[in-house]
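*Asks:* Please build the complex by placing chain B on the supplied structure of chain A, with the hints as guidance.
Number of protein chains: 2
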Amino acid sequence: MNFNDYIRNIPDFPKEGILFKDITPLLKDKKAFKSAIDAMAKPYQDMEIDYVVGIEARGFIIGTPMAYALDKGFIPVRKPGKLPHDKLTANYDLEYGSNELEIHKDAIDKGDKILLVDDLLATGGTTKASVDLIEELGGDIVGIAFLLELMDLNGREKIEGYDIFTLLQH
Amino acid sequence: MNFNDYIRNIPDFPKEGILFKDITPLLKDKKAFKSAIDAMAKPYQDMEIDYVVGIEARGFIIGTPMAYALDKGFIPVRKPGKLPHDKLTANYDLEYGSNELEIHKDAIDKGDKILLVDDLLATGGTTKASVDLIEELGGDIVGIAFLLELMDLNGREKIEGYDIFTLLQH
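Order-wise, the sequence lines are chains A and B. Our numbering applies: residue 1 is where the first sequence begins, and numbers increase by one. Our numbering applies: residue 1 is where the second sequence begins, and numbers increase by one.
For reference, chain A alone in the conformation it holds in the complex (with noise of 0.2 Å):
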């Protein structure tokens, strides 16, 4: 199955002069999505691992049906103001201003094994930010995983280190 045919190039999205990669097409076929987020858990699939981690909102949709192919808990990385209880916070650099993102301080404890998961790894600035939440409460990165990897925005320099998988390069 070629993937590549499922994702959708959207000029000037979200601003112009910006290519973006509209992964929906993916998403609603259910051969692809079933077959991508199987080709995405398989390389974890007899690795020690506690839970895999997602990046609020799209790191949602491919890390959940990871985390229950792969037979493990979820833990969500979220925009800030949404997670109820004790947190972490972390800031990262946009092209135009910054972010923010946050983790429950309880969901991590000292040496648990996570898989972080996104769709999409292109300046890798998000990523890096959830790394930095993830090793602050102790966990320990075993494998960071990509539907998408935007080759001229090296990314992978942000995150120079861990083990990254990405599905699809573009």
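One thing to keep in mind: the hints can contain errors.
Pairs involving identical chains hold if they fit within one copy or between any two copies, as the list cannot separate such chains.
[What the hints assert, rightly or not] Simulated pairs of lysine-lysine, DSBU-like, Cα-Cα distance not exceeding 30 Å:
hint	residue 1	residue 2
1	Lys42	Lys21
2	Lys21	Lys79
3	Lys31	Lys110
4	Lys105	Lys158
5	Lys113	Lys34
6	Lys34	Lys82
7	Lys34	Lys110
8	Lys30	Lys79
9	Lys105	Lys21
10	Lys34	Lys79
11	Lys158	Lys79
12	Lys105	Lys31
13	Lys113	Lys79
14	Lys34	Lys87
These are computed hints drawn from the structure, not numbers from a lab.
*Replies:* This is chain B only, laid out in the frame that chain A set:
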């Protein structure tokens, strides 16, 4: 398994007087998470369904593993400005002010059989807005599933006549 043991009550979140139902302990426990998804998918196992529709963001967390378990495609209903292609917008009222939800116009064809999923049935406002979007595109809603129903808020009244399943009732 008593799923209620994994729902945490957080007083005064997101504002004073609200008792927030935190589902993150259920998501984190691999047995509770898998059992909850399986129990929510079970009523639909032999039903004719084309797509699972999940509402951003916690509806993604429940809806995508249900789609995976039921071997169906997944369609997101998203907050404003997130979907990149031609879309429909629905307004719905909040306690103070209003909000919007969006769906891609090409997500659903006339007659597609839809299972709508969210984590929480509270006042029913977001559910009703999502129902309107799906039906405006010609979708046929064969079921609406929630992890948790807040009985005091009478959300069912807003979506009367639909086949509603709620795993937990508080």
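*Asks:* Now, for every hint given, state plainly whether the structure supports it.
*Replies:* Hint check results:
In this assembly of identical chains, lysine 42 and lysine 21 lie within 30 Å of each other by CA distance solely inside one copy; the values are 24 Å within and 34 Å between copies. For a Cα distance limit of 30 Å, the shortest separation of lysine 21 from lysine 79 qualifies both inside one copy, at 21 Å, and across copies, at 18 Å. Taking the shortest Cα distances, lysine 31 and lysine 110 sit within 30 Å of each other only across copies (21 Å), while inside one copy they are farther apart (38 Å). When the C-alpha separation of lysine 105 and lysine 158 is checked against a cutoff of 30 Å, the pair qualifies only within one copy, where the shortest distance is 24 Å, while the shortest distance between copies is 37 Å.
Within a single copy, lysine 113 and lysine 34 get their C-alpha atoms as close as 25 Å, and across copies as close as 19 Å, so both meet the 30 Å cut-off. Taking CA atoms no more than 30 Å apart as the test, lysine 34 paired with lysine 82 passes in both settings, with 29 Å inside one copy and 23 Å between copies. For the homomeric pair lysine 34 and lysine 110, the shortest alpha-carbon distance between copies (24 Å) is at most 30 Å, but the shortest distance inside one copy (33 Å) is not. For the homomeric pair lysine 30 and lysine 79, the shortest alpha-carbon distances inside one copy (29 Å) and between copies (23 Å) are both at most 30 Å.
For the identical chains of this complex, lysine 105 and lysine 21 are inter-copy neighbours only, at 17 Å across copies versus 33 Å inside a copy, given an alpha-carbon limit of 30 Å. Taking identical chains as interchangeable, the C-alpha atoms of lysine 34 and lysine 79 lie at most 30 Å apart whether they share a chain (27 Å) or sit on different chains (25 Å). Taking the shortest alpha-carbon separations for lysine 158 and lysine 79, both the intra-copy value of 20 Å and the inter-copy value of 29 Å come in at or below 30 Å. Proximity of lysine 105 and lysine 31 under a CA criterion of 30 Å is satisfied inter-copy only: 21 Å between copies versus 37 Å inside one chain copy.
For the identical chains of this complex, lysine 113 and lysine 79 are intra-copy neighbours only, at 23 Å inside a copy versus 32 Å across copies, given an alpha-carbon limit of 30 Å. Proximity of lysine 34 and lysine 87 under a CA criterion of 30 Å is satisfied inter-copy only: 25 Å between copies versus 33 Å inside one chain copy.
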